[in-house]
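Using the sequences and the hints given, assemble the complete structure.
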Amino acid sequence: MAAPGWAQAVAGAAQARIATVTEGRPANRFKVPQVQLADAAVAARINRRLVALVLGGETNPALSVRQQLRQAERTCCYDGENGLGWNTAGQGLTGCDYTVLLNQQGLLSIEYSQEFTGAYSWEQARHATFDLRTGRQLALADLVADPPAQLTRRMHGAISRRLGETMAELRDVGDSTDFEIVAENFHWDETAKRVRFQSDPGPAEEARASEPDLESFALTPTELRLYYERMLPHVLLNLEPDNTYRFPYSRVQPRGALLPVAARARPPKAK
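Per numbering that gives the first Met the number 0, residue 0 is the first one in the sequence shown, and the count goes up by one each step.
Read the hints as simulated data drawn from the structure, not as lab findings.
Keep in mind that the hints are not guaranteed to be accurate.
[Unchecked claim] Under the rule of at most 16 angstroms between Cα atoms (straight-line distance), these lysine to aspartate or glutamate pairs were calculated in the EDC-like manner: (1) Lys192 <-> Glu164; (2) Lys192 <-> Asp212; (3) Lys30 <-> Glu110; (4) Lys192 <-> Glu168.
[Said to hold, decoys possible] Simulated restraints, written as ranges between beta carbons of each label pair: (5) Asn86 <-> Thr176: 33 to 39 angstroms; (6) Pro267 <-> Ala167: 36 to 42 angstroms; (7) Pro259 <-> Pro202: 45 to 51 angstroms; (8) Pro267 <-> Pro200: 45 to 51 angstroms; (9) Ala264 <-> Ala206: 38 to 44 angstroms; (10) Thr243 <-> Thr19: 19 to 25 angstroms; (11) Pro220 <-> Arg161: 19 to 25 angstroms; (12) Pro267 <-> Val99: 23 to 29 angstroms; (13) Leu258 <-> Ala203: 40 to 46 angstroms; (14) Pro267 <-> Ala191: 28 to 34 angstroms.
All figures in this text were calculated on a predicted structure; none of them were measured in a lab.
Quick reminder that beta carbons are idealized off the backbone N, C-alpha and C, glycines included.
Here it is in structure tokens:
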């Protein structure tokens, strides 16, 4: 396989070059990003972390990236013990890919998708944001000054409003079975028209929805994205609300390395 082609220009530590390293058979394609920076040690730190995140830390980090991808493919899709050879369906992690959401002003934010196969197939998306000057993976508190409790309350309201739209549609079509399943999985309170979260008051034994994970976030040139995912039964995945919640930088309090990105996102002042 030819060496990966580098994309995007390097401008000091403000931006990284990013290459896709690909291995695997067509049905089980494994793709991971690797960065190139003027500081090779920082790039290596980011690259090791990216491979560990995308592959779930289940391969040998002493191997090269390509060797780790081949190991992942063999783990999922080759049955040598029973003499069955390659299995295009596979089991467990059977593929991965990524999208660069932000690569500017010293920040890199990546969405990586993982494909899994078991009784049925599904995909999940995860996110990671790095400081291109140090190689450190950043937490949300490094980038926004909003108190976590405040952000959580805002997410509670946004999640309830979005799920309320789904529940209203199910009421309108009179599908009581789907309504009850979705309500049970999301812990929907039909009387209050809101999701009941773990932090809400009420009996300790009452089932509640999990809290939003504020470390499940990503950055784009214009907004902070937070995520909330509740996996519905496979046959009802089409009813799952969009799990991405978008907050323009004007609606949060950027700090640290995010300040230049947020400043660049501001509309120009009228003359």
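Among the hints numbered above, which are violated by the structure, and what are their numbers in rising order? 2, 14
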